[in-house]
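Going down the list, the sequences are from chains P and S.
Numbered according to full-length UniProt numbering, the first sequence terminates at residue 276, and the numbering increases by one at each position without gaps.
Numbered according to full-length UniProt numbering, the second sequence terminates at residue 299, and the numbering increases by one at each position without gaps.
Hints listed in this document are in silico derivations from the structure and should not be mistaken for laboratory results.
A hint or two may mislead.
[To be verified] Listed next, the in silico DMTMM-like pairs over lysine to aspartate or glutamate satisfying Cα-Cα at most 20 Å (straight line): (1) P:Lys9 with S:Glu183; (2) P:Lys263 with S:Glu176; (3) P:Lys132 with S:Asp37; (4) S:Lys195 with S:Asp59; (5) P:Lys132 with P:Asp219.
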Amino acid sequence: MRSRVMMRKTGTHLILFVLGLSFLAPFVWMLLTSLKSLEEISSLPVTIFPKLVLWSNFSEVFNVIPFTDYFLNTLLITLLSVVGQLFSAPLVAYSITKIEWTGARWIFPIVIATMLIPYQVTMIPVYLIFQKMGLTGSIWPLVLPTFTGAPLYIFLLRQFFMALPTSLIHAAKIDGASDFRTYWNIVLPLSRPALTSVAIFTFLYTWSDFLGPLLYINDAARYTLTLGLQAFLAEHYTEWGLLMAASVMFTLPIVIMFFFAQKQFIEGISLTGIKG
Amino acid sequence: MRKNNFTGFAFASPWIIGFLVFTLYPLGASLYYGFTDFNVFQSPNFVGLDNYNELMKDDLFWKSVRNTLYLTVISTPLNLLFSLLTAMLLNSRIRGLSVYRTVYYIPTIIPLAATSLLWMWIMNAQFGLLNAFLGWLGLPQPNWLADPALSKLSLILMGLWSVGNIIIIFLASLQEVPQSLYESASIDGAGMLRKFTNITVPWISPIILFQLIMQIINNLQYFTQAYFVVSSTNLNQGASGGPENSLLVYAMYLYHNAFQYFKMGKASAMAWILFVMAGIITWVIFKSSKKWVTYGGGD
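Can you build the whole structure from these sequences, using the hints too?
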C-alpha cells in the first residue's frame, strides 16, 4: 500500500518535472539564441550552447531599430492606462457594491455582457470616432478608453469590495463621512491588494497589446514595442539572434515585475477566474 | 434609497459614458455600416444586404471562417483539458508546488508578440530547436508554420505553452473541493475516474463553464499570433494570409477589409456575423450548462 502511494507520487513528480522542463526550454532557447552569431544560427548541425558568447546582438538592436523610443512610447501608453483603470474601475465597482441606488442592479449584468462582445464588433465605429476627433495617429485612442473602466477589472474589484465588511462603511457614514470620503479614506486603502492586481494586469495587457497600436499608430517614430518587433520581423526575418535579443529586452520588464509581485499575480488570477 | 441615486450615478459615470460611447453607439453604428457601401473617404451609402450577399460568395471569407473554427474547435477543449489535468497533478499535495506553479505561469505573461517570434524560431524548419530534437530522435521533421496542412496545428501547439493562467484558476478551485468528499468516496470504493466525474467535475463546473466561454470568445478573435507568422512570409507588405491562406483567420480578414481595402461596410458586416455567432455559441453553451453545471456544489 505504501509503496503504491510512493510510486504514484514519483510518477506525478516525473510528469510535472518533464512538463516543467518543456515550459522552461523555450525561454532558455530564446536566451541562448540571443547570444549567438548569425553564422552560427544559420549553420547545421544546430548547436545548443553558443560556440562563442556574443553580447553584441543586444547593442546591435539599438542600431537596427530605435529601441529606446519604442520602449518609452510603450511605457507612456502603459502607465497612462494603469492610471486610467485605477481611476475608473474602483469608482464603478464601489457604486454597484456599496451605494444603494437604482442603477446598481442594472450595471453589473451589463458589465458582464460587454465582456462577451468581441473587440472587432466595436472596432470600426470607435476608430471612426477617434478619426473625427483628429486623434488617430496619437496615443489617445489607446489611453482614453481606459478612463471608463474595463469590465474585467470592474468585475475583479466588485468581488473584492463585496467581501469588505459593510459595518466599516456604515460606521464611517454614521460618523458623517460622505460617500466620497468613505471611498477614498476607507475602501481604497483596504483594497490595496486588489488595486495592485488591476495595475499589474493593465500593465501586462497594454505592454503586450498589438491590435490597438496597429490600428491607431502609423507613424514609425511613435511605434510601440509590439509594432516595432513586427516591423523588424518583416524586414529581418532571418536574423534570429537580433530578433531574440530584442524579444528578451521586450519581455524583461514584465518578468522582473512578476518576480517582485508574484503573490498579486497569482491572487489576482484566482480572483478573476471564480465567478459569482 | 432615492437620495443616493445622484451619488451612485456620479460614481458610475465613467463607465456609463464609456458604455455609451465605446460600446452601445459602436454596436448600432457597425450594424448600420454593415448595410452600406463605405470607404471612409465618402459618407456611407445604403446598399441593403449587398455586403452580406458578397460575403456569402466570397471564398476568402469562407476560408477565414473555416480557419478560425478549426483553431477554436481544437484548441479550446485541448487547452482546457490539458490545464485541468495539470492542475489536478499539482493538487496532489506534492512538494515544490510553488516552483511548478511559477514555471507554468510565466509563459502566460510573455507578450504574444514575443511568444510568436520565439515559437516561429523554435519551429523554424531548417534551424529550429524542435526539428533538431525530432531529428535527434530519428523522427520526421515537418515544415510546421510554413506547411499549409500544419500551420494551424503549429499555432495550437504554441498556444498550449500559454495556458498557465487557466492552470492557476483550476488549481485554486480544486483546492476548495472538500477532502472529506474524496475520503468518503474512497470508503464507498469509488476509483479515480468515478471521483473525477462525480466529485471533481461537478464541484468546479461553474469555473469550467466560465473558462470555456472566455476561451471560445478569445479564440474567435484569434489575430496577433497569426499576423506575426504571416509577416515573416510576406515581404511585399500586402494583405496576405500565410501559406495558401491557411492562417487567414477571421479577425485578420476583417482587418484587411477594413484597413487595407477600406471596405468598412463589408468589414462591419463581418463584425456583426462574428457577434451573432459568438452570441449563439454562448447561448447554446449556457442552455446546455443546466445539464452539467452544478451551482452551490456538494448537494
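Quiz item: Within a Cα-Cα threshold of 20 Å, do Lys9 of chain P and Glu183 of chain S meet the stated pairing?
Solution: Distance of about 18 Å is within 20 Å: holds.
Quiz item: Between Lys195 of chain S and Asp59 of chain S, is the straight-line Cα distance small enough, at 20 Å or below?
Solution: 48 Å, violated
Self-check item: Lys132 of chain P paired with Asp219 of chain P [C-alpha distance capped at 20 Å]
Solution: 18 Å, holds
Quiz item: Do the alpha carbons of Lys132 of chain P and Asp37 of chain S lie within 20 Å of each other, as the hint requires?
Solution: 19 Å, holds
Quiz item: Holds or violated: Lys263 of chain P with Glu176 of chain S, Cα cutoff 20 Å?
Solution: 19 Å, holds
The structure is inconsistent with hint 4 alone, although it conforms to all the rest.
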